[in-house]
Amino acid sequence: MAIPYFNEMYQNDQVRPLYARLEDWTRAMPAELRQMKQAEAEALFRRIGITFAVYGEGGDPDRLIPFDMFPRVFTQTEWRKLERGIKQRARALNAFLLDVYGRGEIIRAGRIPARLVYQNEAYERAVAGFVPPRGVYSHIVGIDLVRTGPEDFFVLEDNCRTPSGVSYMLENREIMMRMFPALFRENRIEPVDGYPDLLRRTLASVAPAKCEGEPTVVILTPGHFNSAYYEHSFLADLMGVELVEGADLFVEAGFVWMRTTQGPRRVDVIYRRIDDAFLDPLCFRPDSMLGIAGLMDVYRSGGVSICSAPGAGVADDKAIYTYVPEMIRFYLGEEPVLQNVPTWQCGKSDDLKYVLENMTELVVKEVHGSGGYGMLVGPRATKAEIAAFRDRVAAKPGNYIAQPTLALSTTPTFVEQGIAPRHVDLRPYCLVGERIELVPGGLTRVALTEGSLVVNSSQGGGVKDTWVLAE
Amino acid sequence: MLSRTADNLFWIARYMERAETMARLLEVGARIALMPSAGDGYRNEWDSLLRASGTAAGFAAKYGDPVQRNIESYLFFDRDNPSSVASCIEQARENGRIVRTALTTQVWDALSTASQELRQLERCERSSLELSQLTEWTMRQTAMVRGAIDTTQLRNDGYDFLGLGYALERADNTARLLDVKYYVLLPRVEFIGSGLDNYQWQTLLRALSAHRAFHWAYGGDITAGKIAHFLVLNPQCPRSLLTAIGAAMGHLDRLSRGYGHSTEAQARARVILGELGELAVEDVFDEGLHEFLTRFIREVGDLSGLVQGAYLSGEAR
Amino acid sequence: MIVTVNHTTTYHYDAVMRGAVQSLRLFPSQFDGQKTLEWSVEVANGIRGGAFRDGAGDRVEGWSVRGPLSEVSVIVSGRVETKDLTGVLRGHREIVVPEAYLRETTPTRANVALADLARSAAAGGGNALERAHRLSEAIAGAIVYRPGVTHAHTTAAEALELGEGVCQDHAHALIACARVLDLPARYISGYLYATEDGSMHEAAHAWAEIFVEGLGWVGFDAANTCCSDERYIRLGSGFDAQDAAPIRGIAQGIGAETMDVTVALGATQQ
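From first to last, the protein sequence lines are chains G, R and E. For our numbering, count along the first sequence from 1 and bump the result up by 138. For our numbering, count along the second sequence from 1 and bump the result up by 27. For our numbering, count along the third sequence from 1 and bump the result up by 1045.
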């Protein structure tokens, strides 16, 4: 079955105006120059040390995520709609979190089943009743979007905990500007480099009430063996804050302190890049070596802020996802600007029946999976793969959801033979603190294999610079 | 600055300095091995080297007899030997990666390049590599890193922890190298003043890249007294104990000024420096060079421990 | 009844430790059945940290002790006036909804045997309260009180198979069975004042609460086949023993830990 894909550059064999200058640019670029530039880009990435390691895959620990030099472009009008939709979603998700750890109005109103929330693994009983500063639970909301037509954007999933990849958004732009300054003179492109500063301000804006003076913000990393360590150190550097590991912090007298060469220094806001389970061995996993003993007591008594707040994961669960449009209506009294992808909950018997019968047409995902693992793309899977997956779904239906295979849009991408369309998605990063902020851009991930719809970097995906044209 | 960051910076410097010393030791060994044998043949010299570098037990467990090629492998390439050049360079690079943001691009580049080239060397056919190539390569890499640090790093506390690492490691290493010559390489008293003795001194100076400097500074024949003066007490010699402790003192003073308070580490460094400043070379020989060096190495170790406790462990209040 | 409590827990380490951090849930719950007259919690040489009341209504206090140390003592003393509410947790303020306590944890996971036990106990019909009572009796019958055969990490399923255990095992088994019947249930830690000799418990005690529609949370002590009454002092709740532990702590260092506990309860009838 041939699905008609929306090509973001060409429509009816005409170049869409926003890509016109880029077409001239590629025409004027001979193959040798392109190869040279590609090598230069790779050398630059390697020099800055931006690499990506996948757990358990072995091989080159300094592997680069492939960078495609062909930018992806949005018009100002397109972006404004996306921006409205993303901010709306980030507001609703935070309202939901505050509600389910408070009175649970949305559940009392019968709009979301209690079971989905309260028996969810990501629901943290330990923070029930706690109102974090400014009522914000998820301070960095990464919303994965796909496009299927000129006006059609769908939200694929929400990431309310610690969405990664923002360093690529910044580095991709940096490298493009360094290699092709002329492009940036010819096209008026909205800048993204304000992100680290906005992030710092967002984090500082949620300092706890006990904080006096300028808040001390830190980034908490699981350590230098983590695949996203580069990103953690990159952000710490650009924000001018310390990058700490659990062992650098300790708890005393109701506050969190970091160990410095000049003695203990109080920490007010922790931007953590580790999971809830590893935050505090006294509260969550007693075997955790990564966390800070007593952290949750300090947090709950208002001595420190943790971003994202523990428990935020209950909002980005794939089973909860279905109800986000309902949240927008319930909390904001608005209609959703961005649509959800229709989703079948395998936990419901009617849905399960449909999914098992139509597996070849559907994308089936594990509710708690991420990174493109535990996922079946029906139309691209072999019979054996489908059979195996069917057994897994039938065994634990509540762990799976299914969605139609979306006709992901394509953008032109440099390939061996020249330029060819490849499927893309988009992850913008919305910041929620005193204000809700969104830099004009995001991370475009591209499935480099011809025909592939899986854009995850762990599965052969690459990245592109993402432009929003100024008016 | 985070104590852990300071600790990583300190160890980048120590590992790079240690890599250089290992390479220099290898060079001493190779040159001495070219000489007609003094005692039990060349094995004796190589054995001394292993003992001097503190790796004799590890080597014996893995290879048994000290054969030159095995010793080269062990001291240069072997990742099981924590003091091998390869281990030191990889450790330094890993420490650098952890504190990437506390380093300038140039310093990171230099560390990264060393590690990448090391991997290329490891892929080379071993027989195609001359020992001198390996030692020269090591000196070049360590010089690149040190040069990048001196020319590009911000002169903040991080710079002082790098500097302290270099100074304390160097003080320790020079003392050890000197001790090898005096105590290990030439254990039998009848060789003192012999042609062999003289040759070994020259080799040691060469390995320290101090051969010509020595002659400029002293002239005439090489004597144990002059050498000991040069490597222990001469403030012009970049590797002398006095220079190294002086450098450590400088960094510690900068830290106490910057932080607005002094610690036990400053006090102890001042005592060691004071003693070296008062010392005449005769005093060293009166005490016995080996005894003096042993005591000095212990004092430097104690000083390192104090630096660790005051700044790097995170236990400071 | 006025119950006086003197409770000291001392952790000994066989090596010098760099420091210790604790999270204490050692404060009597506030509800109509309990009135705290006097209460004090101290950690010897400790530094008091943040304190708060959590979503389940329990007061939690963080403490830390600077090293070097080789022991940590937690000293609790006080007086509580108690009233028999036949197990009902009346007037207790909490925000966590009962549905949250339908989630299973490793020690409270129901295997086939526990599920069978629950269903056969419930087979007699009746309302939720009656079924809860029968569950409690069934557990008391299936797991005989015997100290020393189970340990801190024994699961409900293991205790049932063994047929023996202590109050922690009774509580875990009761929670597991209640959840089989879709009744929210949770673990309670506290004290029990013994009036007659030889009753089957220790003064530091644990039992379970089951949520009964219309009544709210009701305390069931399967170990003593009764509901919690004026002899019980309720401290805190959780999914299971670990989650509801009155003392959670960690010491930094390599030393192995041993623990001494002394609990002395006294009572005056009003």
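Honestly, the hints are just simulated from the structure, not real lab data. Please note: incorrect hints may appear among the correct ones.
Unchecked claim - In silico contact screen, one side only, chain G against chain R (beta carbon under 10 Å); selected entries:
no., residue
1, T164
2, R165
3, R184
4, F372
5, D375
6, V382
7, A385
8, M396
9, E472
Unchecked claim - Some chain G residues flagged as far from chain E (calculated, every beta-carbon gap over 12 Å):
no., residue
10, Y239
11, V265
12, V293
13, D418
14, A431
15, Y437
16, R528
Said to hold, decoys possible - Output of the computed footprint for chain G on chain E, the stretches with three or more beta carbons under 8 Å from beta carbons of chain G:
no., region
17, 1088 to 1097
18, 1105 to 1111
19, 1203 to 1211
Each residue gets a CB set at the ideal place from its N, CA and C atoms; glycine is no exception.
Problem - Hint check, failures only - result: 1, 2, 9, 10, 11, 13, 14, 15, 19
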